[in-house]
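Enquirer: For reference, the chains in residue letters:
2 protein chains.
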Amino acid sequence: MDYTIRAANVEDCQDIARMVMELAEHDKVSDLVKITQEDLEQDGFSKKPFFHGIIAEVPEQHRTKEGHTKIGYALYFYSYTTWKGRAVYMVDLYVMPEFRGRGIGKALMSKIAQLGLAAGCTQLNFIALEQNKSSLDFYFRQGCSDITADIGYHYMSCNGEALEHLAQP
Amino acid sequence: MDYTIRAANVEDCQDIARMVMELAEHDKVSDLVKITQEDLEQDGFSKKPFFHGIIAEVPEQHRTKEGHTKIGYALYFYSYTTWKGRAVYMVDLYVMPEFRGRGIGKALMSKIAQLGLAAGCTQLNFIALEQNKSSLDFYFRQGCSDITADIGYHYMSCNGEALEHLAQP
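Protein chains in written order, with numbering that gives the first Met the number 0: chain B, 0 to 168; chain H, 0 to 168.
Derived by calculation from the structure, the hints in this document are not laboratory data. Accuracy of the hints is not assured; some may be wrong.
Because identical chains share one entry, a pair is satisfied inside a single copy or across any pair of copies.
To be verified - Taking lysine to any residue and the SDA-like style, the derived pairs with C-alpha atoms no more than 20 Å apart in a straight line are: (1) Lys132 <-> Ile146; (2) Lys27 <-> Leu135; (3) Lys132 <-> Ala148; (4) Lys47 <-> Leu114; (5) Lys83 <-> Glu160.
It should be emphasised that the depicted structure is a prediction, and the values quoted were computed from it without experimental measurement.
Produce the complete structure using the sequences and hints provided.
Expert: See the structure below:
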């Protein structure tokens with residue numbers, strides 16, 4: 000099946016918001032998702048974007064029964080580690096279930112690797128849910144390492160009242 | 000003891016590089032550190048910086064016996080999650096051992112929280128080594144959550160030949 004991988008633009012935010020929620024439902028974390036289409040439009044497509052995106056799109060004749068042609072996405076931003084320097088960080092990687100098994104997820108991730116290498120990055124980093132064995136297997140097949148398992152790094156977060164409190168001098 | 004927290008500039012990269020290595024030695028990952036002072040200068044202080052930094056500095060009269068007055072640092076960049084949107088990501092947080100226990104680490108992290116909130120971020124994210132119990136205790140005291148332990152997210156990385164291979168269409 001034909002598909003295209005291209006840079007996301009502001010008109011894609013409705014579909015990205017839809018797929019963000021589909022991915023969260025798949026990962027059983029949908030109650031954690033607070034962002035909306037409007038947030039994505041503002042945060043990704045203003046003068047100083049917090050992320051960039053790529054979209055996987057199929058031709059009209061392969062649209063879903065709901066009429067969707069944008070059937071996968073990945074978000075990313077440039078980041079840094081003091082081990083290896085420049086890094087590209089992949090936020091999400093998602094392909095709608097009926098379009099899986101055709102290399103579209105691999106193509107999305109490959110595009111981020113290309114963009115990262117072109118920007119001088121030596122690593123592509125991301126977080127993945129350990130319960131999601133098929134995703135982990137996919138990442139391992141691409142040669143990824145599990146830094147949490149191998150070295151013991153845990154992903155930590157401070158938010159809400161704790162963040163407000165921390166910010167007080 | 001007096002100290003100042005201020006934005007890092009390119010002249011700080013020699014001291015940041017020194018402290019990056021001290022931190023890596025403390026965490027027993029110094030063989031993973033590939034970046035140099037020159038990398039930091041280029042990656043953090045060019046037109047499109049990959050990170051920002053803050054420095055903790057003490058007055059001359061409190062300099063170390065080696066003559067250092069820059070005695071702590073943290074690096075950060077702006078990032079994104081599709082759960083909660085805008086995030087600030089802390090790369091490292093380090094205070095030289097002889098200056099610990101005086102709130103300088105807390106002040107550095109607090110500064111990043113302030114900068115993040117001012118930019119509309121709702122979360123401060125980072126990775127921490129699970130073996131480093133005193134650091135983890137410090138982070139828990141600041142109200143941080145261990146997302147790896149709580150939800151099962153693992154930090155993953157693709158680099159070297161695997162990244163080159165992934166980028167091939």
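Enquirer: Return the numbers of the hints above that this structure violates; sort them in rising order.
Expert: none
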